[in-house]
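Peer 1: In case you want the letters, here they are:
Protein chains: 4
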Amino acid sequence: MADLDTLREKIKTFIEDRDWKQFHDPKNLAISLQLEASEVLELFQWTKDNQAKVGKEQEVADELADVFYWVILLANHYNIDLVQALEKKMDQNEKKYPIEKSKGKADKYTDL
Amino acid sequence: MADLDTLREKIKTFIEDRDWKQFHDPKNLAISLQLEASEVLELFQWTKDNQAKVGKEQEVADELADVFYWVILLANHYNIDLVQALEKKMDQNEKKYPIEKSKGKADKYTDL
Amino acid sequence: MADLDTLREKIKTFIEDRDWKQFHDPKNLAISLQLEASEVLELFQWTKDNQAKVGKEQEVADELADVFYWVILLANHYNIDLVQALEKKMDQNEKKYPIEKSKGKADKYTDL
Amino acid sequence: MADLDTLREKIKTFIEDRDWKQFHDPKNLAISLQLEASEVLELFQWTKDNQAKVGKEQEVADELADVFYWVILLANHYNIDLVQALEKKMDQNEKKYPIEKSKGKADKYTDL
Numbered sequence: 002m003a004d005l006d007t008l009r010e011k012i013k014t015f016i017e018d019r020d021w022k023q024f025h026d027p028k029n030l031a032i033s034l035q036l037e038a039s040e041v042l043e044l045f046q047w048t049k050d051n052q053a054k055v056g057k058e059q060e061v062a063d064e065l066a067d068v069f070y071w072v073i074l075l076a077n078h079y080n081i082d083l084v085q086a087l088e089k090k091m092d093q094n095e096k097k098y099p100i101e102k103s104k105g106k107a108d109k110y111t112d113l
Numbered sequence: 002m003a004d005l006d007t008l009r010e011k012i013k014t015f016i017e018d019r020d021w022k023q024f025h026d027p028k029n030l031a032i033s034l035q036l037e038a039s040e041v042l043e044l045f046q047w048t049k050d051n052q053a054k055v056g057k058e059q060e061v062a063d064e065l066a067d068v069f070y071w072v073i074l075l076a077n078h079y080n081i082d083l084v085q086a087l088e089k090k091m092d093q094n095e096k097k098y099p100i101e102k103s104k105g106k107a108d109k110y111t112d113l
Numbered sequence: 002m003a004d005l006d007t008l009r010e011k012i013k014t015f016i017e018d019r020d021w022k023q024f025h026d027p028k029n030l031a032i033s034l035q036l037e038a039s040e041v042l043e044l045f046q047w048t049k050d051n052q053a054k055v056g057k058e059q060e061v062a063d064e065l066a067d068v069f070y071w072v073i074l075l076a077n078h079y080n081i082d083l084v085q086a087l088e089k090k091m092d093q094n095e096k097k098y099p100i101e102k103s104k105g106k107a108d109k110y111t112d113l
Numbered sequence: 002m003a004d005l006d007t008l009r010e011k012i013k014t015f016i017e018d019r020d021w022k023q024f025h026d027p028k029n030l031a032i033s034l035q036l037e038a039s040e041v042l043e044l045f046q047w048t049k050d051n052q053a054k055v056g057k058e059q060e061v062a063d064e065l066a067d068v069f070y071w072v073i074l075l076a077n078h079y080n081i082d083l084v085q086a087l088e089k090k091m092d093q094n095e096k097k098y099p100i101e102k103s104k105g106k107a108d109k110y111t112d113l
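Chains as they are written, first to last, in my numbering: chain A, 2 to 113; chain B, 2 to 113; chain C, 2 to 113; chain D, 2 to 113.
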């Protein structure tokens, strides 16, 4: 069973084996990340809100994996611990969005 | 120390506590994912290739955490195991990009 | 009264006066175009389908103008006549989407 | 010879003939705009800065026409006069970026 660290190592090796690091300046990584995020969005281009994407789980999983790949490559480039970075962000969100103020509201914290 | 599963649970609880699931149809999640990916790209808007973003690690970590957050929310929505989905993708990539053919080339696999 | 050609000339002069052409390689122009398109999308981030954006016309006009600005800069870079390029595209669309086949359907032409 | 107004009318008729207005809520238009802007960016995915896209003018023209199409559809939806909206924006830019302060600098106006 793979975990996140094993996967990061696997990706590193994949890149090194192919000598692709030369192409992976962070600007290009960020472009690829953006393009893959758009491919996720494309799956919902003409759907209605709340419209179940029944039978589309596999497509979403595939495109989301592509996004995750570039997230990990950018994180590797900067030696960012993704789980820790998101944990920190969640701690900030807990403060920005207190339950009593934000419950049931889609407002941005600056509008609460 | 948090790992990915702990983090996913934390995010689930955060959403449930605020009764935000009603806003999180997959189309909206995909829009948010795309918008955060654009904020990562914005950090490189006028940089030159290979230009070191010295002292920018923290900004990248912050924006990347936002992307990762929506990746996890979309994965949760569809019960996607992210690590497994990416592992599968990496196995496909190993076949699409054989080392001997793709070494040192930025070509798409269809052009190799 | 300004028309499109007058506007293109005005933008050219604006860039030349500021000596900004050095930053405007097409890759950077394309990044800026993408970022501004995301700002348009952001105006609809948590809206429901068909939800009138009453009182938001001005915001949409502002963000759309930003997108149009980068469209024109990229067109100028390649000496593309935008109106002609879109006219040609519309002629192709007329053939790809015959009225009798596509009426009332959101399908892509490849699925008609 | 087509001009912008003729083109807007042509697009309106194209949509009406196919009864597509029902799909064109502004949120969906904004998604399509974003997706087409990403296709422009994709043309530069692995290029180096300043790398001439020799022989790529036609591809850029095609993708840019797609972006322009959604810009016009969104403008039509809100009865926005695109040329006037951008003229107004240029007037604001003239003030935000005085020549003497911004000449030769890629800084945002807030950093000048």
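In case anyone wonders, no lab produced these hints; they're calculated from the structure. Keep in mind the model is a prediction, meaning the values are calculated, not measured. Careful: at least some of the hints might be erroneous.
[Stated by the list, open to error] Derived lysine to aspartate or glutamate pairs resembling DMTMM-like cross-links, with alpha carbons at most 20 angstroms apart: (1) C/Lys97 x D/Asp20; (2) D/Lys49 x B/Asp63; (3) D/Lys109 x C/Asp63; (4) A/Lys89 x B/Asp108; (5) A/Lys90 x B/Glu40; (6) B/Lys97 x A/Asp67; (7) D/Lys109 x B/Glu43; (8) C/Lys22 x C/Asp67; (9) A/Lys109 x B/Asp82.
[To be verified] Examples of chain B residues lying across from chain C (beta carbon under 7 angstroms, computed): (10) Leu36; (11) Ser39; (12) Glu43; (13) Leu44; (14) Gln46.
[As the list claims (entries may be wrong)] Partner residues aside, some chain C positions facing chain B, computed with beta carbon under 8 angstroms: (15) Trp21; (16) Gln23; (17) Phe24; (18) Asn29; (19) Ile32; (20) Ser33; (21) Gln35; (22) Leu36; (23) Leu42; (24) Glu43; (25) Gln46.
Every residue gets a Cβ at the ideal spot worked out from N, C-alpha and C, and that includes glycine.
Peer 1: Each of the hints needs a verdict: does it hold here or not?
Peer 2: For each hint, the structure was consulted:
1. C/Lys97 x D/Asp20: Cα-Cα ~16 angstroms, so holds.
2. D/Lys49 x B/Asp63: Distance of about 27 angstroms is beyond 20 angstroms: violated.
3. D/Lys109 x C/Asp63: This hinted pair holds, its Cα atoms lying about 17 angstroms apart.
4. A/Lys89 x B/Asp108: Roughly 37 angstroms between the alpha carbons, so the hint for A/Lys89 and B/Asp108 is violated.
5. A/Lys90 x B/Glu40: Satisfied, since the Cα-Cα distance of roughly 15 angstroms is no more than 20 angstroms.
6. B/Lys97 x A/Asp67: holds (14 angstroms)
7. D/Lys109 x B/Glu43: holds (12 angstroms)
8. C/Lys22 x C/Asp67: Cα-Cα ~18 angstroms, so holds.
9. A/Lys109 x B/Asp82: violated (29 angstroms)
10. Leu36: holds (6 angstroms)
11. Ser39: Interface hint status for B/Ser39: holds (4 angstroms vs cutoff 7 angstroms).
12. Glu43: Status holds, d = 6 angstroms.
13. Leu44: violated (11 angstroms)
14. Gln46: holds (6 angstroms)
15. Trp21: Result: violated, 10 angstroms to nearest chain B Cβ.
16. Gln23: violated (11 angstroms)
17. Phe24: At about 6 angstroms, which falls below the 8 angstroms cut-off, the nearest Cβ of chain B leaves the hint on C/Phe24 intact, so it holds.
18. Asn29: holds (6 angstroms)
19. Ile32: holds (6 angstroms)
20. Ser33: Nearest chain B Cβ about 7 angstroms off; hint holds.
21. Gln35: With a minimum Cβ separation of about 7 angstroms from chain B (threshold 8 angstroms), the hint on C/Gln35 holds.
22. Leu36: This interface hint holds because 6 angstroms falls under the 8 angstroms limit.
23. Leu42: OK, holds: C/Leu42 within 8 angstroms of chain B, min 6 angstroms.
24. Glu43: Nearest chain B Cβ about 6 angstroms off; hint holds.
25. Gln46: holds (6 angstroms)
Violated hints, listed in ascending order, are 2, 4, 9, 13, 15, 16; each of the other numbered hints is respected by the structure.
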